[in-house]
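*Asks:* Keeping the supplied structure of chain A fixed, place chain B upon it in accordance with the hints.
These protein sequence lines are chains A and B, in that order.
Residue 9 is where the first sequence starts when you use the numbering used here, and the numbers rise one by one after that.
Residue 22 is where the second sequence starts when you use the numbering used here, and the numbers rise one by one after that.
FYI, nobody ran anything at the bench for these hints, they're computed from the structure.
One or more hints might be untrue.
[Stated by the list, open to error] Here are some of the chain B residues that sit facing chain A, going by a computed Cβ distance under 10 Å:
#: 1; residue: 30
#: 2; residue: 118
#: 3; residue: 142
#: 4; residue: 143
#: 5; residue: 144
#: 6; residue: 149
#: 7; residue: 232
#: 8; residue: 250
#: 9; residue: 272
Don't be surprised by glycine CBs; every beta carbon is placed ideally from N, CA and C.
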Amino acid sequence: MPPIRLTNVSFRHKGAIVGEPALDATERNDEEVREQMTVTIEKDTTRTLTVPPKARRTSQRPVRGKPLISYGRWWWALPAILLVLGVQYAATLTGGFFAFTNWTGLGSFQITGFDNFAKIFADPQLLGAVWNTLFLAFGSVIITNVLGLLFALAINRTLKTRYILRTLLFMPVVLSPLAVAYVWKFIFQFNGPLNGFLGAIGLESLQKTWLADPTWSIWAILITVVWQQAGFTMVIYLAGLASVPIEVEEAAALDGAGVVGRFWNVVVPAIRPSIAIATTLGLIQGLRIFDQILALTGGGPAGATETLATEVYKNAFSLGQFGFGSALALVLTIIILAFAILQQYVTRDREVGKVS
Amino acid sequence: MFRYTKFTAIREVLVWVVTLIGLLPLYILVVTSLKSDKEALTSSAVAPPTSIDFSAFVTVLTATGRNSIPVSILNSVIITGGAILGLVLFGSVAAYVIARRTRKWTTITYYLVLVAIVLPAQLGTVPLYIGARSIGLTGNAFGMIVLWIGILMPLSVFLYASFFRGLSTEYEEAAVIDGASPVQAFFRVVLPLMAPATGTVAILAGLIVWNDFFNSLIFLGGSTTQTLPVAMYTYVGGLVSAWNKIFAVVIISMIPILLFYMFAQKRFIQGFAGGLKG
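The following block holds chain A by itself, in its conformation from the complex (with noise of 0.2 Å):
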């Protein structure tokens, strides 16, 4: 096949055009640039020419380079990055630092080493508060994100009311924790709706004093959360739901894939970084809980609703511990960048999974 002379070509890196050739190759008989150009190119076919590397920054290139205009001036970012610089890092460092010392917040302190973390580790209350942090926050991520799927599942597409149902839906979202927790309380007292509607059915054998009883208490709480997180994790599913292709489902459903099998095939598959984000998100925010704590046990009662959160509060402010609960926060730090990057981990590697 003769080479066929190519007119009206241009390179192209990511989109942009970043060179035209300055020549037709084959007339300038330029053995090395026909070399990397010369192509076999069958009728009636769209190719992507690959340019070897060597010939990439060959022509003159009229897009990189200096700027059209100046984009603003550079010290615009500085408030910004002096701020994040000392927030953000400069004091997270510090923190991290004072976890190895005895510090009141006066005076002077001694570098005690591993002692505080060596305290953490044989206090059983302590231990309980970790234990705690980590039942809070699986518990809420597991119910909220079951409750939120089920929640976007069931108003997805065909409902005709289904904007309002968002609407209210996610409105315990934008409240105030602490507002949450208190109408919570309040329904969790012994004399309260909870025990009422107990009593009413029946079932008075359940009665209890929801907030002050060791076993039910941190359930109390775990309630409280999901009450006002489902909402979020639903609008992150609906978000995902609505990039599941309808045609793929019809196509499904007419090969007579059940609503079952289509859930699984069809839907998870694409909703899966949905899952992953709703998910991370989760699993931060709940071991971070503090308000609804504060709120509804004050870590009561005999610290069995104690979390890592209220323990960094309680020595750190409260009793003037500020390196002991420094220690604390940066054991809390560690369980949150830990899990954080397993998330990460975990989903990326479903990702392959889906490609293989």
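*Replies:* This is chain B only, laid out in the frame that chain A set:
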């Protein structure tokens, strides 16, 4: 294929039943706050008030002293407004420079901001408190505003930067070629085009700051300047079982947010679904 059938109608009714049961706590909240002191203690929680009684609201709003609710509302408005203003102003110009310029330092700064979003705030709280206390930024609204701008700046820069990347550079180039200064090009051409980004930043930051309890408790602790959640916490602590008054405070704290939510619920939901993804 997915038409509205009899089963869809049943599903719709079922979802409504579940939703209304789920929102029962808010119903209890409203009816209890409208009861008199005596009725709030004796009547059933789900029973509507026999006569609508605003006395709980009057008591709460006229209480004076350190936990005065009207004063704390004013403090919350000042702090939330100041924080939003700072986040929009400093965040947008920083994101503009970072997103538009292709230098090494802008890339590094962008990653610095991204990492800061993931960085948990707990560890920095103690040093921040000590630092803020030593330069007089605790116990006053100005310090709180500076603190919030610092805490939420990564979110603001990140949101603005992603919006700027989606906006063609032609607008400001045309403005500059027509003789506008960089400041004019940015504030009169680019920023007005960024209204959706500004809306998202304002809603997310506004909600976080308005609803915050933890940071206000620490950084305003013991001072006469209290935000609404902290005033609510201390006020409620002194009210044993006066649920009509407690709920009056709770409702007062919810009203501003709910008003905004009613008018801009679509932007709220989109902001949450899209904005927090990063």
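*Asks:* It remains to establish, for every hint, whether it holds in the given structure.
*Replies:* Hints, verified against the model:
Of the supplied interface hints, the one on residue 30 of chain B holds, with its beta-carbon coming within about 9 Å of a beta-carbon of chain A, less than 10 Å. Checking residue 118 of chain B against chain A by beta carbon gives a least distance of about 4 Å; that is within 10 Å, so the hint holds. At a threshold of 10 Å, the smallest CB-CB gap from residue 142 of chain B to chain A is about 8 Å, leaving the interface hint in force. Among the interface hints, the one on residue 143 of chain B holds; its C-beta lies about 4 Å from the nearest C-beta in chain A, closer than the 10 Å criterion.
Nearest Cβ of chain A to the Cβ of residue 144 of chain B: about 4 Å, under the 10 Å cut. The hint holds. Annotation: interface hint on residue 149 of chain B holds; nearest CB of chain A at approximately 5 Å, less than 10 Å. With a least beta-carbon distance of about 4 Å to chain A, the hint placing residue 232 of chain B at the interface is held under the 10 Å criterion. Evaluation of the residue 250 of chain B hint against chain A yields a held restraint, the C-beta minimum of about 5 Å falling below 10 Å.
Given the 10 Å rule on beta carbons, the hint for residue 272 of chain B holds: about 8 Å separates it from the nearest Cβ of chain A.
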